[in-house]
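Participant: Here is how the chains run, residue by residue.
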Amino acid sequence: MARIGVDVGGTNTDLVLECNKGTFFHKVPSTLKDQSIGVVEGIHQICEIAGIDKEAIEVINHGTTVATNITIEHNGAEVGMLTTKGFRDILHIGRHKRPHNFSLHFEVPWQNRPLVKRRNRIAITERILPPTGEIETPLNEDEIRSACALFRKRGIKSVCIGFMFSFLNDAHEKRARDIVLEEIPDAYVSVSSDVANVIREYERFSTVAMNAFVGPRSAWYLRNLEQKVKDGGIPAKLRVIQSNGGISTIDGCARKPVSILMSGPAGGVLGALSEARLAGTDNILTVDIGGTSADISTIAAGEMRIKNPRDTLVSGHAVMAPMIDLETIGAGGGSIAYLDEAGGFNVGPRSAGSEPGPACYNRGGTEPTVTDAQVVLGRMDADKFLGGDLPLDPELSHKAIKEKIADPLGVSVTEAALGIIKIVNNNMALTIRSNSVARGYDPREFSLMPFGGAGPFHGVALAELVSAKDVLVPIAPGITAAMGLLGTDLQYEHTRSVITSLFNADQGAIDRVNATVAELKNVGKADLENDGIPEVQQNFDVIAEVRYHGQGFELRVPMPKEGLALENVPDVISAFHKQHKADYGYSFDDSLVELYNVRVIASASVRHLELTPLSLGSQDDIKAAFMYERETIFDDGSVHMTPRLDRGKLGAGTRVEGPAIIIQHNSTTLLPPGYAAEVQDFGSLRLSKS
Amino acid sequence: MPKDINKPIDPVTLQVIRGSIETIAEEMAHVLFRMSFSSIIRESEDLGAGLFDTDFNTLCESESTPMHIGSIPGYLQGIADSLDDGEWYEGDVVVHNHPYLGSSHTPDLAIVIPIFHEGELVGYAGNTAHHIDIGAATPGLIIDVPDVYAEGMLFAGTKLYRKGERNETMWNFIRNNSRAARQLVDDIEAQIASARLGVKRFKELMERYGKDLVFGACNQLMDYSEKMLRQRISDIPDGEYRAEGWLDDDGRNRGQTLPVKVCVRVVGDTIEVDLTGSAPQTPTAYNVPFEGSTKVAAFAAFRKLLLDTATSDTRVPSNQGSFRPIKVTAPEGTIFNPIAPASAEARFTQCNFMIDLILKAMAPVLPEDIIAGSSASISFASYAGVRDDGEYWVFLEVNEGAYGGRPDSDGPDAIDNLMANTRNNPLEDLAMHIPMICERYELRDDVMPGAGKHRGGIGVVKSQRMLTDGIITHESERHTNVPWGIFGGTEGAAGKCEIYNFSSTEPPRQMHSKFHGEDVRKDDVMAYYSPCGGGYGSPLERTPEKVLDDVLDGFCTPQHARDIYGVVLDLDAETVDVAATEALRQTMDTLR
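Line order of the protein sequences matches chains A and B.
Going letter by letter, the first sequence gives residues 86 to 775 in the working numbering.
Going letter by letter, the second sequence gives residues 15 to 606 in the working numbering.
Keep in mind the hints are simulated off the structure, nothing from the lab.
What you are looking at is a predicted structure, and each value in this text was computed from that prediction instead of being measured.
The reader is advised that the hints may include incorrect statements.
Simulated pairs of lysine-lysine, PhoX-like, Cα-Cα distance not exceeding 20 angstroms [to be verified]:
(1) B:Lys21 <-> B:Lys225
(2) B:Lys241 <-> B:Lys177
(3) A:Lys610 <-> A:Lys646
(4) A:Lys646 <-> A:Lys666
(5) B:Lys560 <-> A:Lys202
(6) A:Lys666 <-> B:Lys214
If we take Cβ atoms under 8 angstroms as the criterion, some of the chain A residues that face chain B in the derived model are [as the list claims (entries may be wrong)]:
(7) Arg173
(8) His185
(9) Arg362
We put the beta carbon where it would ideally sit given N, CA and C, even for glycine.
Work out the full structure, taking the sequences as your base and the hints as a guide.
Facilitator: Following this line, the structure appears as structure tokens:
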């Protein structure tokens with residue numbers, strides 16, 4: 086029996102295979118036109134490497150950027166929308182807030198790049214009234230049929246339906262869906278009360294429109310991949326990683342692709358989580374540093390944080406789908422350093438990307454990047470980059486930094502390079518802080534985990550800046566995300582608005598809440614059963630999204646296991662006060678507390694990646710691992726003759742004293758003087774002050 | 015602050031400290047709008063937060079509503095002139111809103127907490143936020159009132175905490191003087207939590223880098239912002255640039271328009287905005303506090319025009335430096351610099367209009383930077399009523415406008431304008447909590463925006479129905495003064511406002527742009543139509559495909575496409591008739 090994790094990135098498709106012969110890693114180039122080609126090719130190759138029969142593969146967990154790329158390139162489906170008369174432009178108006186305060190020439194993503202053009206947003210006569218959901222004006226079915234005629238004329242095959250107050254009563258939306266399917270039988274139909282059954286019209290409509298926009302192509306890709314895997318003689322079940330870190334079936338994701346918009350970065354956080362478990366660490370600040378950006382998130386007490394759905398924007402559009410709380414900033418190896426016209430020293434967010442790439446790539450880039458600074462400081466050995474696959478030209482790094490930064494500032498090239506590193510580290514540190522300290526976590530109780538090929542260069546410096554306890558470098562920083570795919574559970578989330586004042590909730594109100602929870606549990610149960618999960622393995626977490634009456638933002642607290650009851654309402658209220666205090670530093674203990682949404686997470690644990698522990702090392706390992714030594718400049722400006730060690734030769738328990746540079750394929754760990762690295766049981770490195 | 019800290023700081027440390035103080039300001043704002051209760055703060059984010067030195071320089075400020083950014087120094091000066099005890103103690107918390115002591119306008123309460131370092135006062139953490147009711151003559155907003163005393167509670171250097179001890183008398187007083195006491199008090203608590211966070215974070219920063227280094231860096235950052243702005247100003251040819259227009263009325267004396275005159279004087283790397291010649295102060299609340307609003311709007315105009323964050327790679331720090339090169343002149347006793355006891359609560363539309371005129375004035379020398387006339391007003395409405403239990407409900411709503419056509423793109427539609435940058439209230443959330451329901455929220459289709467190579471933005475129509483009897487006050491502008499087109503673009507469309515009853519067949523009543531304390535009945539609907547922006551450049555230069563898009567999207571009639579844009583369409587095929595369009599445009603061009 087074998088399992089594969091496959092993570093498709095912009096450049097490479099990373100694979101991890103776990104079987105009775107051990108765990109294997111592999112990389113193939115991504116095939117961006119049709120990601121499935123690279124995926125299937127990679128699966129065949131890694132099976133060969135492992136020497137196993139592809140029929141032995143039971144499960145393939147897949148992280149994909151297909152849906153994400155559609156939003157970035159804005160090349161999704163032409164979408165038709167049916168909405169309530171009088172509210173045709175909710176998607177065009179959005180929240181009416183400009184993306185810039187001080188600008189006359191700003192872009193408005195939801196107007197310049199609409200998910201549904203106005204001509205295809207058709208207003209339908211119907212009205213549902215708050216607060217009860219009663220029908221004031223029945224649905225005008227003829228208008229829907231004429232709208233469908235127009236869609237047919239325009240060749241529109243993806244239709245979304247978003248009516249006002251449908252979270253109170255979905256009858257009109259459901260009926261409209263049936264009519265659309267009668268009129269356009271092969272339509273891809275997305276319904277707002279299915280996709281995001283919660284209050285707030287703009288966010289709900291935007292979510293369902295996004296689903297319709299990315300839906301047809303994402304669904305095609307997933308089904309095509311499934312077919313190609315089958316055609317390739319691989320009998321495995323194919324699963325897709327969702328933005329919230331759970332895995333789901335091809336069918337589930339094809340119906341609701343808004344749930345996989347952050348599938349790619351979610352793998353990284355999952356990978357960090359499984360590495361943290363192996364190293365016996367619960368609290369992790371994750372920093373995934375790539376070429377152009379860094380993804381930052383916080384894992385506290387072994388749990389990922391899920392973003393408040395009100396904060397989730399994808400390419401400028403609101404999307405209310407559960408996503409790992411992850412912040413992306415424009416700081417990476419390719420980030421460009423420059424001086425502005427008033428002499429300010431900046432690094433990023435502009436990036437040289439991989440084309441032309443850093444100056445040292447010798448592909449025409451002349452602006453200095455973070456990678457060039459590492460080269461100048463003697464941390465990246467030009468002749469050994471990617472095992473010598475891509476030799477770098479350090480002269481070009483030196484020239485770029487000298488001309489663009491050092492000379493204009495009147496400092497040495499080394500000082501300029503150190504400045505570049507310091508500024509980019511500081512930018513990342515500020516984001517780590519706003520993702521952790523600002524949310525009430527004390528970084529001194531957290532280990533910082535740097536990954537992505539360039540991550541471990543920055544680990545110690547970032548840990549110092551944010552006062553993290555220590556640094557944990559994963560086993561294979563370059564493919565942490567792919568490993569994460571084998572470390573997560575099946576998971577389905579369902580949400581519904583149940584606006585209920587908890588302070589004066591009577592038995593009737595409590596019964597209504599419990600009935601909604603029961604209904605959502607049933608939907609989740611059906612999802613799991615559809616996946617063939619037996620009842621004993623099914624697990625349901627019920628979350629209450631709560632706020633003070635009158636507030637605009639909810640916080641999450643767990644719902645009592647036994648269900649809501651008059652006796653345990655005070656517990657929910659006090660849990661909320663506590664959470665509010667933790668998040669904002671203050672609680673309004675005598676204010677009315679309101680239950681806003683309930684959320685049910687149906688999950689089933691699957692077996693996590695099992696790595697074999699490294700064999701015990703000895704201090705002789707360091708000698709064996711020694712490759713060569715070179716002069717290297719560290720962040721404090723000190724220059725040391727620094728040994729290069731082959732990470733693969735360091736056994737468990739080995740302790741390396743800095744300064745040292747620990748090298749593996751695709752990643753390099755910088756260990757400054759005064760720090761020591763200790764090899765953990767499964768091969769990760771823990772760096773701390775000696 | 016110690017001015018003697020002039021030792022240059024290395025650019026790296028400078029960048030590190032800049033990032034830190036900017037993050038502090040953002041964290042302060044985040045706490046404030048997440049914690050607050052009234053929708054005007056939590057949804058609209060009508061707030062500002064930042065750090066200040068003892069000379070009242072803004073060291074950093076959050077990216078929230080521009081009207082707040084740059085207003086707090088005025089408050090700090092006013093507090094200094096009126097502070098309880100005459101001095102600051104560690105643990106003090108001050109509330110302040112007096113418009114003749116530097117405030118932006120009375121509903122924007124400032125909360126200020128002093129920052130002490132080793133026993134010495136070194137600066138302040140402060141924020142401002144709009145409160146829904148501070149006990150003015152009528153619920154929420156006011157316009158037609160006799161004087162500043164009708165604006166509600168006036169606070170001047172008032173300590174809510176003294177040396178860490180809560181001044182319960184004051185809190186009780188506040189609670190007893192608002193129609194929405196609960197929200198007012200809880201929102202003040204949110205402001206205090208935000209300011210306390212600012213103090214804590216700034217102290218941590220000083221502990222880490224040392225006080226002198228931090229303030230040295232702040233001074234250098236202010237110089238940097240100032241230098242950036244001065245460089246841009248010196249690119250503009252010296253001279254006097256003028257524009258003028260008018261406001262509909264003062265909210266009482268109907269038909270009497272109020273002139274606004276703007277003269278921008280550019281000399282080297284400095285600018286003076288001279289408002290001399292604008293209307294005398296009004297007898298109503300339709301006046302602009304000079305320190306807290308007039309100056310702030312003029313500063314913002316040039317930040318938008320010269321330091322546009324969307325077109326520049328470089329972000330200039332939001333601090334005092336960006337105010338220094340600009341002088342603002344408005345004679346005392348005029349609408350932009352009223353004398354006490356004139357009321358000055360309803361001041362937003364004048365500020366927006368002043369910015370619009372500054373852009374118009376600069377058009378001859380900055381044709382690629384300015385934009386055509388925008389809605390440049392605001393629609394600020396207060397809806398209120400009394401619940402069955404005798405408690406008031408009050409709801410404040412900011413409605414959006416539209417931008418003028420721009421050198422490279424159309425004016426954005428239905429979006430907050432110039433000094434405003436709020437978020438709208440989710441209609442579903444509103445209807446679940448307040449006895450109101452929205453009847454319509456769409457783009458206007460009763461008029462078309464200004465035509466041009468780049469058309470003006472389209473305004474919005476929002477119709478809100480009251481489900482009980484109640485009272486509405488509405489502050490808006492430009493029912494008579496239409497946003498202008500520029501460089502051959504045509505003018506946009508004026509705003510309008512109607513009240514009709516949902517369950518009656520009576521024709522709608524046309525309302526003035528500003529009305530105060532209007533009694534309304536159950537099922538009365540206020541329908542607000544915001545102005546549309548003017549066009550930029552000749553309509554004959556607009557890409558025919560864009561005209562087709564506008565026709566298909568319902569932004570332009572086929573007739574208008576033909577008559578104004580010279581574009582002939584095949585509507586069945588949804589295509590441009592290229593040959594007919596070329597021919598028609600040629601004829602129209604020769605007739606021009």
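Participant: For every hint, state whether the structure bears it out.
Facilitator: Evaluated hints:
1. B:Lys21 <-> B:Lys225: Between B:Lys21 and B:Lys225 the Cα gap is close to 13 angstroms, so the pair holds against 20 angstroms.
2. B:Lys241 <-> B:Lys177: 40 angstroms, violated
3. A:Lys610 <-> A:Lys646: 17 angstroms, holds
4. A:Lys646 <-> A:Lys666: Violated, at roughly 23 angstroms.
5. B:Lys560 <-> A:Lys202: 13 angstroms, holds
6. A:Lys666 <-> B:Lys214: Holds: A:Lys666 and B:Lys214 sit about 16 angstroms apart, inside 20 angstroms.
7. Arg173: Hint holds; A:Arg173 Cβ to chain B Cβ min 5 angstroms, cut 8 angstroms.
8. His185: 5 angstroms, holds
9. Arg362: 31 angstroms, violated
Taken one by one, the earlier hints fail for this structure at numbers 2, 4, 9, listed in ascending order.
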